[in-house]
Every structure is written in structure tokens, then in C-alpha cells.
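Student: When you line the sequence shown up against the numbering used here, it's residues 646 to 895, in that order.
Since the hints were derived computationally from the structure, they do not count as laboratory data. Treat the hints with care, since some could be wrong.
List time: in silico PhoX-like cross-link candidates among lysine-lysine, alpha-carbon distance up to 25 Å [said to hold, decoys possible]:
1) Lys778 <-> Lys818
2) Lys818 <-> Lys790
3) Lys736 <-> Lys820
4) Lys778 <-> Lys702
5) Lys797 <-> Lys880
6) Lys820 <-> Lys684
7) Lys880 <-> Lys666
8) Lys893 <-> Lys676
9) Lys749 <-> Lys815
10) Lys797 <-> Lys780
11) Lys736 <-> Lys780
12) Lys815 <-> Lys790
13) Lys676 <-> Lys666
14) Lys844 <-> Lys749
15) Lys873 <-> Lys736
16) Lys790 <-> Lys880
17) Lys702 <-> Lys676
18) Lys873 <-> Lys820
19) Lys873 <-> Lys676
20) Lys893 <-> Lys873
21) Lys834 <-> Lys749
22) Lys666 <-> Lys702
23) Lys676 <-> Lys716
24) Lys892 <-> Lys716
25) Lys873 <-> Lys892
26) Lys834 <-> Lys818
27) Lys736 <-> Lys815
28) Lys818 <-> Lys797
29) Lys834 <-> Lys780
30) Lys736 <-> Lys716
31) Lys676 <-> Lys834
32) Lys818 <-> Lys793
33) Lys844 <-> Lys790
34) Lys684 <-> Lys893
35) Lys797 <-> Lys873
36) Lys790 <-> Lys820
37) Lys684 <-> Lys873
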Amino acid sequence: MKLIILAAGYATRLYPLTLNKPKPLLPIAGKPMIDHVLKSLASINAIDHGYVVTNEKFAGYFDEWAINRDKSESTVPVTVVNDHSTNDSNKLGAIGDLSLVINKEEIDDDVIVVAGDNLFSDDLIDYGMYCEKVKAPVIGVYDVKDLKESAKYGVVEINSEGDLITFEEKPTKPKSTLIGIALYHYPRKVLPLIEQYIKEGNNPDQPGRLIQWLYPQMTVSTWSVPGKWYDIGSKETLEEADFIFSKKNN
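Turn these sequences into a full structure, and let the hints guide you.
Tutor: Right, here's the structure in full:
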């Protein structure tokens, strides 16, 4: 199984913090954010290689991090992939970046995909076990418990078996407070469909759009993320996560 970390955004909402530093390398509890992402997934023994996809502006920063990173949190080897975009106007988008890594690195394996700015308070070992068990696409879901908050994300509905029955990206009138987050499992057999999605000219940006396209064609399962989940999109959430993780480590 391979891990792909999406880290090619420019995080303009966090300027000036991210003007000359990629968001996933901002410190949380004294360590780069991405180290916490890797730690959450380190217990999934099936993962044998990780890929961090980034852009031309920040590739050097991630190369330096990959050489010097703290391997006590995760011993999985990591390769940095440069998508060669230079700004928001020519970026490939999250799904475009996913397709790039799969093709460039000739990946022919099950894949877990996670955004480099998604933090989890709990270990994700059960997620890995569930993905291996169901052998289907799996999206992590999280209850934000507020309809106004859920409107910022991809809102999902699931059936009694936990399979996806609706997915709506940033709806004006959300049907629930349950959202899909940037934590995905794609079995090897699904990888050609990612290429098809891109070739058909579908929106390559928000990663949830791929799930939105997939679930009418096949069963897409869901997995409820335990504990607290943080989407680091503002200085406030960055500060909150830093406080919580610092307290947790003391």
C-alpha cells in the first residue's frame, strides 16, 4: 500500500505565515505539521512508501524536510514529487496531483490519500485495517455537529451499512452535519478510473469531487474518524491545534 500526501497548495489564507513556507511544514507542538500526519498513519503496517506532492515554489523545502525529518515518528520512506506549478493560476489541483504521482511513480498498488493539513488526535490504525477488509474506496467522515460549518465541506449521507448514498460539495443548504474529509483509500483496481476522471475533463481541484464522481458507479464505503479532526485553514485552527497537540505531548 502506498501513501500520497497532498501538499501542493499555496495557503494564501495563512499569509504571511505561508508566504515563504508551505503550510504542512508549519510547526505544531514543535514539529512540522506533516510529521503529525505521518505519525497518525505510521501504525498502518501495509504502507511501505509515502509520496508528498508539492509545487515548484515549495519543493526545495520538502526535499530538505525529507532528508532531515524525525524518523522516530514514521520510518516509511518518503519521496517528494514536484508538480512544477508556480501559483494558483497553473496548479494541477488535488486530483490532478494524485493522477500525476500515480503515473510518474508508476504506482500499481492500493493507495491511501490524505491532505497535508489534516490533523488527527487519534491513531488511524483502524482505518488501515478497515480499508484492507472492505477492498473498496473508503472516505473518512466526521461529524462537525453544525450545519453552517458543514456547508464549508463535502456533505455526505450514508446508509445503514456505512456506504455513501449522497455527496454534495459545499452545499448552500446542507442535509446533514456529516462531512467527507481529505482521507481516502483507493484500491489498485480503481486507479485507472482516476486517470479516466482527468481525461474526461472533470474538475481536478477539490479531492472530494472524485468521490462525488465515483459513488454512483460503485460502492464507496465510509469510516468515521475518531477523536478530534483539524482542518488547518486559518490562523485560529492552527493555534488551536498547536495548543491541543502541545498539551497532549506534555
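Student: Taken at face value, is the distance from the CA of Lys716 to the CA of Lys676 at most 25 Å?
Tutor: OK: Lys676 and Lys716 at ~12 Å, within 25 Å.
Student: For Lys676 and Lys834, compute the direct alpha-carbon distance and say whether it is at most 25 Å.
Tutor: violated (36 Å)
Student: Assess, step by step, whether the Cα of Lys818 is no farther than 25 Å from the Cα of Lys793, and give holds or violated.
Tutor: holds (9 Å)
Student: Between Lys873 and Lys676, is the straight-line Cα distance small enough, at 25 Å or below?
Tutor: holds (19 Å)
Student: Would you mind confirming whether the straight-line C-alpha gap from Lys893 to Lys676 stays at or under 25 Å?
Tutor: holds (13 Å)
Student: Is Lys684 within 25 Å of Lys893, Cα to Cα?
Tutor: holds (14 Å)
Student: So if I understand the rule, the pair passes when the alpha-carbon distance is 25 Å or less; does Lys797 with Lys780 pass?
Tutor: Not OK: Lys797 and Lys780 at ~29 Å, beyond 25 Å, violated.
Student: Under the criterion that the straight-line Cα-Cα distance not exceed 25 Å, is the pair Lys820, Lys684 satisfied?
Tutor: Violated, at roughly 33 Å.
Student: Take a quick look at whether Lys736 and Lys820 sit within 25 Å of each other, Cα to Cα.
Tutor: violated (31 Å)
Student: Below or equal to 25 Å on CA atoms is what counts here, so check Lys797 against Lys873.
Tutor: holds (17 Å)
Student: Lys778 and Lys818: Cα distance at most 25 Å?
Tutor: With a Cα-Cα distance of about 34 Å, the restraint between Lys778 and Lys818 is violated, given a limit of 25 Å.
Student: When you check the alpha-carbon spacing of Lys844 and Lys749, does it fall within 25 Å?
Tutor: holds (16 Å)
In the structure shown, a violation is registered for the earlier hints numbered 1, 3, 4, 6, 9, 10, 11, 15, 26, 30, 31, 33, in ascending order.
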